[in-house]
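These protein sequences, in sequence, are chains X and G.
Its first residue numbered 2, the first sequence is counted upward by one per residue in the working numbering.
Its first residue numbered 2, the second sequence is counted upward by one per residue in the working numbering.
Hints were generated in silico from the structure; no laboratory data involved.
Certain hints may be false.
Unchecked claim - Chain X is faced by these chain G residues, among others (derived, beta-carbon under 10 angstroms):
1) S48
2) F49
3) G50
4) G99
5) V106
As the list claims (entries may be wrong) - Capping the alpha-carbon separation at 27 angstroms, the derived lysine-lysine pairs in BS3-like fashion look like this:
6) X/K175 with G/K133
7) G/K122 with X/K133
8) G/K102 with G/K5
9) G/K122 with X/K85
10) X/K174 with G/K186
11) G/K52 with X/K175
On a predicted model such as this, the values are computed, not experimentally measured, just so you know.
Note that the Cβ used here is the ideal one computed from N, Cα and C, for glycine as well.
There are 2 protein chains.
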Amino acid sequence: MARKKEYNETEVVEKAMHIFWRNGYQTTSMQMLEKEMGINKFSIYSSFGNKNGLFLESLKHYKSRINSIFEKFKKADNGIEDIKQFFYDSVSSNFEEGNEKGCLVTNTYNEFSESEDLLIKEQMNSFMDGLKTIIIEKLKMDPSKDEETIIKQANFLLLAKHGLAAAARVNTKKEIEDYIEMTFKNL
Amino acid sequence: MARKKEYNETEVVEKAMHIFWRNGYQTTSMQMLEKEMGINKFSIYSSFGNKNGLFLESLKHYKSRINSIFEKFKKADNGIEDIKQFFYDSVSSNFEEGNEKGCLVTNTYNEFSESEDLLIKEQMNSFMDGLKTIIIEKLKMDPSKDEETIIKQANFLLLAKHGLAAAARVNTKKEIEDYIEMTFKNL
DNA sequence: ATTTTTTCTAAACGTTCGGTTAGTTATGTC
DNA sequence: GACATAACTAACCGAACGTTTAGAAAAAAT
Chain X
2 MARKKEYNET
12 EVVEKAMHIF
22 WRNGYQTTSM
32 QMLEKEMGIN
42 KFSIYSSFGN
52 KNGLFLESLK
62 HYKSRINSIF
72 EKFKKADNGI
82 EDIKQFFYDS
92 VSSNFEEGNE
102 KGCLVTNTYN
112 EFSESEDLLI
122 KEQMNSFMDG
132 LKTIIIEKLK
142 MDPSKDEETI
152 IKQANFLLLA
162 KHGLAAAARV
172 NTKKEIEDYI
182 EMTFKNL
Chain G
2 MARKKEYNET
12 EVVEKAMHIF
22 WRNGYQTTSM
32 QMLEKEMGIN
42 KFSIYSSFGN
52 KNGLFLESLK
62 HYKSRINSIF
72 EKFKKADNGI
82 EDIKQFFYDS
92 VSSNFEEGNE
102 KGCLVTNTYN
112 EFSESEDLLI
122 KEQMNSFMDG
132 LKTIIIEKLK
142 MDPSKDEETI
152 IKQANFLLLA
162 KHGLAAAARV
172 NTKKEIEDYI
182 EMTFKNL
């Protein structure tokens with residue numbers, strides 16, 4: 002019927018995700034995106050609507066990218082050990098070649114915490130709620146823990162994960178792994 | 002000799018600091034600053050050079066604002082208890098009325114981690130190095146800790162502080178205080 | 001081969017950005 | 001009260017922002 006697209010949408014979203022991950026939303030301009038994605042503004046707009054749409058798509062892509070870690074986490078069956086392993090896996094993936102520093106979700110969480118972009122806030126909250134649910138589930142596998150302890154430890158671990166992601170932008174892998182060890186020392 | 006300034010520079014820096022603290026550097030425009038500071042662009046530029054200069058001045062103002070907490074921290078003499086108290090004081094100040102969420106230094110650290118603004122990076126590093134030095138000093142007051150343990154625990158506490166500041170943007174005071182308790186449980 | 005449909009390039013859109021400047025107003029000195 | 005100096009207002013600067021559009025290029029359908 003007509004001309005074919007010369008680019009693959011998933012591939013260019015991957016590239017957009019990287020630049021958002023590295024620089025944040027505000028700092029990333031359409032010009033930078035054009036260059037990094039290797040396609041024209043027109044193509045970006047026809048595929049993703051606008052900058053915000055492309056960012057949301059990048060977020061979704063990021064989530065699907067780390068989905069294997071999440072699935073492994075969910076399926077495991079060793080209680081609190083799974084949470085620790087999940088932290089290790091997150092850090093590990095963070096220091097893999099080709100990945101940017103820190104966690105895109107956490108970065109976004111910080112950048113948009115005072116914003117009123119409901120779509121993005123919804124994405125963030127669903128992510129965090131999901132994580133919290135799994136953590137609580139894992140903690141409940143230890144029958145010696147009462148309800149109050151579980152809630153407290155879950156909040157503690159969520160905050161720790163938050164700090165972990167923030168620290169991953171500036172600390173070494175070794176420092177972060179030491180941090181994980183200490184975090185789980187007395188839970 | 003000539004006309005007097007109709008504004009107080011410290012007062013308008015205080016206002017600028019708040020808006021940077023709330024929104025970050027990039028998201029804050031000169032227009033927003035004019036409105037919040039209640040003075041004209043001309044006055045901003047004649048007093049602070051440019052947006053970056055105003056931001057640096059805001060950072061300095063922020064530091065002097067939290068200086069009392071720092072001084073108390075330095076002067077105290079109870080080892081690791083002082084660090085814990087410092088964490089509590091930081092959170093407390095964070096939830097005082099009239100203060101924004103989170104820590105301006107940590108926000109800036111995150112926003113500029115991939116930037117090449119040397120002036121700001123220098124400000125950040127000097128701040129973090131200073132904090133680390135004090136923490137190590139406090140940890141050394143416990144003679145039972147060897148050198149390796151001290152370094153590990155210092156890194157742990159720095160990361161925890163980092164996470165604390167990030168979490169302060171989205172969590173409740175109670176959650177954060179629980180987090181502090183758990184952090185110091187076995188140090 | 002012509003038509004139809006979609007993607008492409010590239011220029012331009014209006015707006016806002018950070019920053020400047022001409023000219024008026026106020027405050028002091030002589 | 002005239003003059004000098006500095007602070008004010010407000011219009012304006014070029015550049016960059018996110019976004020749109022006109023028209024060329026390409027591919028399938030007729």
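Holds or violated: G/K102 to G/K5, with C-alpha atoms at most 27 angstroms apart = Measuring from Cα to Cα gives roughly 35 angstroms; hence the hint is violated.
Sort out whether X/K175 lies within 27 angstroms of G/K52, counting only the CA atoms.
-> Not satisfied, since the Cα-Cα distance of roughly 37 angstroms exceeds 27 angstroms.
Does G/K122 pair with X/K133 here, judged by a C-alpha cut-off of 27 angstroms?
-> violated, 34 angstroms
Residue hint G/F49, partner chain X, criterion CB-CB below 10 angstroms | With a closest approach of 22 angstroms, the G/F49 hint is violated.
Can G/V106 be said to touch chain X, with a Cβ gap under 10 angstroms?
-> Nearest chain X Cβ about 12 angstroms off; hint violated.
Restraint check, 10 angstroms cut-off on beta carbons, for G/G50 near chain X | violated, 22 angstroms
If you take the shortest Cβ to Cβ gap from G/S48 to chain X, is it below 10 angstroms?
-> With Cβ-Cβ at 25 angstroms, over 10 angstroms, it is violated.
Decide if the proposed pair is consistent with the structure: X/K175 and G/K133, CA atoms, cutoff 27 angstroms inclusive.
-> This hinted pair holds, its Cα atoms lying about 17 angstroms apart.
So, G/G99 near chain X? Judge it on the closest CB pair being under 10 angstroms.
-> violated, 16 angstroms
Does X/K85 lie within 27 angstroms of G/K122 when you go C-alpha to C-alpha?
-> violated, 32 angstroms
Does G/K186 lie within 27 angstroms of X/K174 when you go C-alpha to C-alpha?
-> holds, 24 angstroms
Consistency with the previously given hints fails for numbers 1, 2, 3, 4, 5, 7, 8, 9 and 11, ordered from lowest to highest.
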